[in-house]
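Student: The primary structure of each chain is shown beneath.
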Amino acid sequence: MYALEISQLRKTYSNGFEALKGIDLRVNKGDFFALLGPNGAGKSTCIGIISSLINKSSGSVKIFDHDLDTDLIRAKSRLGMMPQEFNFNIFEPVQEIIANQGGYYGVSSSDVKKRTEYLLRELGLWDKRELQARDLSGGMKRRLMIARALIHQPDLLILDEPTAGVDIELRRSMWDFMREINRQGTTIILTTHYLEEAEQMCRNLAIIDHGEIIQHTSMKALLKTLNSETFVLYVNNNLKQLPQVKGPFALNLVDEHTLEVDIPKEQSLNDLIMQLDNQGLKIDSMRNKVNRLEELFVSLINDKIPQQPQEQA
Amino acid sequence: MKNRLHKYWIAYTTITRKEVLRFSRIWVQTIIPPVVTVALYFIIFGNLIGPRIGEMDGMSYIDFIMPGLIMMSIITNSYANVVSSFYGAKFSRHIEEMLVSPIPNVVILLGFLTGGIARGLAVGLAVTVISLVFTNIQIHNLWVIFSVAILTALLFSLAGLINGVYATSFDDISIIPTFVLTPLTYLGGIFYSIQLLPDFWQNASLGNPILYMINSFRFGFLGITDINLGLAFSVIIAFIVILFTISMHLLNRGIGIRT
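Chains as they are written, first to last, in our numbering: chain F, 1 to 313; chain V, 1001 to 1259.
None of these hints come from the bench; they were simulated from the model. The structure displayed is predicted, hence computed values, not measured ones. Hints are supplied without guarantee of correctness; some may be wrong.
Stated by the list, open to error - Keeping only pairs whose Cα atoms sit at most 25 Å apart, straight-line, the calculated BS3-like set for lysine-lysine is: (1) Lys265(F) to Lys220(F); (2) Lys220(F) to Lys246(F); (3) Lys1002(V) to Lys141(F); (4) Lys113(F) to Lys62(F); (5) Lys240(F) to Lys265(F); (6) Lys1090(V) to Lys114(F); (7) Lys62(F) to Lys128(F); (8) Lys1002(V) to Lys114(F); (9) Lys128(F) to Lys114(F).
Claimed, not checked - Which residues of chain F face chain V? A partial, calculated answer using Cβ under 10 Å: (10) Gln8; (11) Asn89; (12) Ile97.
Just so you know, even glycine gets a beta-carbon here, dropped at the ideal spot from N, CA and C.
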């Protein structure tokens, strides 16, 4: 049984725009799954259909084997949803928003009370529980939506851009929280534009573009396909021109103290550093230009590398 | 099955509680204004102009208009509560909290309707209390008073929900009350007996559903009516059935709330 099973899902809007062109997607129970894609790729439409806010044109969606067409209520009861945009009543107090959501899922008031306190404490909102939601900061509002999505202890949690606009310290604490939720058995589907986040958290992923799934594989398998990396080198000397080096290194002069170099994955950096050292150039420090997944993502979207066979961890 | 029904009951009470809290929190905007408006009606039409008008159907004018004024408050407030709450939920998208939850549409509908009825009756009660200052309230048939008040509040809560479903801006939620509801209410026999009208307008008035509600409500207080009570209940119930069916159809199709 899959946590989520999508078959031949299509959505054509009334203006004729084909947002989903017959996608197939399977997410294993207990997985931490990334659904990635550029803006307008079809992610939100897909999530909207799963959460039954958007009517599909054709195809099927099953949540833990409950078909949305024939067993909608049971399917919904297994799903927790944190949308990208704030969709709570800003005039309601924090704890009331969560308690109401629990009530909609039929959770008894005593359980709602206990779980609300647990979630608000875990997410650092307990002190704000009596504030109206409009008085919260952006990051707090995001955490409020996570708490709301978890009040009925869903088996499948969809997080649509959960850390958008959240500072790095808070983002990391939210990552820890999500990992813990996943460790306890909740399947999580994450969409994010922070690909570092997806790379660190998710075991499997799908990339959607122009309404089609262009990758559906494990994170490990995808990262294996990356055959080059870009490093940024900070040089002590003043660089007037691009140093000449031998070997498979593509150098680029960024400014008089900075070099960028593309190197094949199997190639050691030692050779390059020695060559630069021989030319009297001293390297102060270096870093990866972008994270690996980001590089792959851009390549895939620009159709630079071939699709890999489907493989999930 | 029993477990599921229990969950639906919790969901229903949650929506109802939320709706009641919503209008209770802003009681200065929701409860007080209709009370002030009706008090002004009593002062102007009852105390100042009423004695010059004389009796209406054997009653003093202020006593005659009292049931209609209470009914007018119930109608406008039950309608306003549901249309503003439903459209507000759509506008700020917190309707999605319910739409993603495992609640059947009928439970969502009943929750909103109960909120509308609660506000209609709360305002109706407040207006009744204020009318004690100006009139000598008689009770002819308490059962008729309660049943007509509840059924009317239900009917206009349904109408408010349909308006809320179709509304795409805040203008849309005031157009129907201003251009349809208010004229029909004023022409529905609050201030006069239709017996005073020429035959043509008497017959035309019979096409106004609010006439049936006001007259049956007036019967509950004063024991007088221009309309047969059985016919009045039949018309009210028929409208409820029609509007309920339309509301369920709209929610099931997701019109105005799902893409």
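Student: The structure should be examined with respect to each hint, and the outcome stated for every one.
Tutor: So, going through the hints one by one against the coordinates:
1. Lys265(F) to Lys220(F): holds, 15 Å
2. Lys220(F) to Lys246(F): violated, 32 Å
3. Lys1002(V) to Lys141(F): violated, 36 Å
4. Lys113(F) to Lys62(F): Distance of about 31 Å is beyond 25 Å: violated.
5. Lys240(F) to Lys265(F): Not satisfied, since the Cα-Cα distance of roughly 29 Å exceeds 25 Å.
6. Lys1090(V) to Lys114(F): Status violated; Cα separation ~30 Å.
7. Lys62(F) to Lys128(F): violated, 37 Å
8. Lys1002(V) to Lys114(F): holds, 24 Å
9. Lys128(F) to Lys114(F): OK: Lys128(F) and Lys114(F) at ~16 Å, within 25 Å.
10. Gln8: Gln8(F) check fails; min Cβ-Cβ to chain V is 20 Å, beyond 10 Å.
11. Asn89: holds, 5 Å
12. Ile97: The hint holds - Ile97(F) has a Cβ within 10 Å of chain V, the shortest such distance being about 8 Å.
In summary, the numbered hints that this structure violates are 2, 3, 4, 5, 6, 7, 10.
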